[in-house]
Amino acid sequence: FRGELKVTDFGLCRVFRNPELVGSTNTEKDQKLFTHQVASRWYRAPELLYGPEVDLWAMGCIFGEMLKNSPLFPGENDIGQLCTVIQVLGTPDEEIWPGVSSLPDFHKISFTSTNKQISFNEILTEVDESSRIMLESFLRYCPKSRITAQEVLEAAYFQQEPLMTPLNDLPLPIEKPLNTATAEFANWDWSATHF
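By full-length UniProt numbering, the letter at position 128 of the sequence shown is numbered 128, and the numbering carries on one by one without gaps.
Hints are computed from structural coordinates only; laboratory data are not their basis.
What follows is a set of in silico ranges between Cβ atoms, one per label pair, in the way DEER data are often shown: (1) F106 x E154: 29 to 35 Å; (2) S70 x F158: 22 to 28 Å; (3) E95 x P162: 35 to 41 Å; (4) P171 x E136: 30 to 36 Å; (5) E65 x L167: 21 to 27 Å; (6) L172 x A149: 20 to 26 Å.
Computed from a prediction, not measured in an experiment: that's the story for all the values here.
Here a beta-carbon is modelled for each residue, glycine too, at the ideal position from N, C-alpha and C.
Let the sequences and hints guide you as you build the complete structure.
Structure below.
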C-alpha cells in the first residue's frame, strides 16, 4: 500500500540458485534451462534491454490491452511481433530513435520503410483523448522519450473523474489460510533463489 504498481509475468521465469549460498555450482544441465528471452513477447520492448523504460513499455501494452479488451501487439513469433509494432508505430529510424541502428541485430533484418499504417485512433475508437495520449506516451520507440513512472502519476488521465481511491481508503487484504499449492511455495528455500 505504498502507491506501487507491480507487473509480474512468470511466463519466462527460471529459478536461479546462487552457488555461493547453496554450496554448489550450476551444472551444464541447469544452464540449458535459462533462456535469452527476457519478457513475454506481446509486452516486450523493441530494444530488448533492461531498465525502467522496458517496464513502462510493458505497462503501455497492458494499458492498451485494457482499453482495447484484447492484446495490442499480438505477434505469433519474434518477427511477427516486430511487424505488429511497426504497423502501428512505423519503421524505427535514427530520427525517431537515436542510436537504433547500433542495437545488436538491427541490421540482420530489414523492413520496408513505412509510415504509421494504423493509428491508435483506429485501433481504439471509443477511447478519450487523455487515454490515447497516455498510451502513446508509453509506446515510444526511443526509451529515453517514453513517459516515466512519475510522469504517469501526474498525467491528465489520472486527474479526471473518477479519481483514484486514496491509499488510506483502500481495503486491507484478507489473510487466507494456505492451501496445498501455496504451502509448497511457503516451504521453499527462497534464500538461494534469484529471479
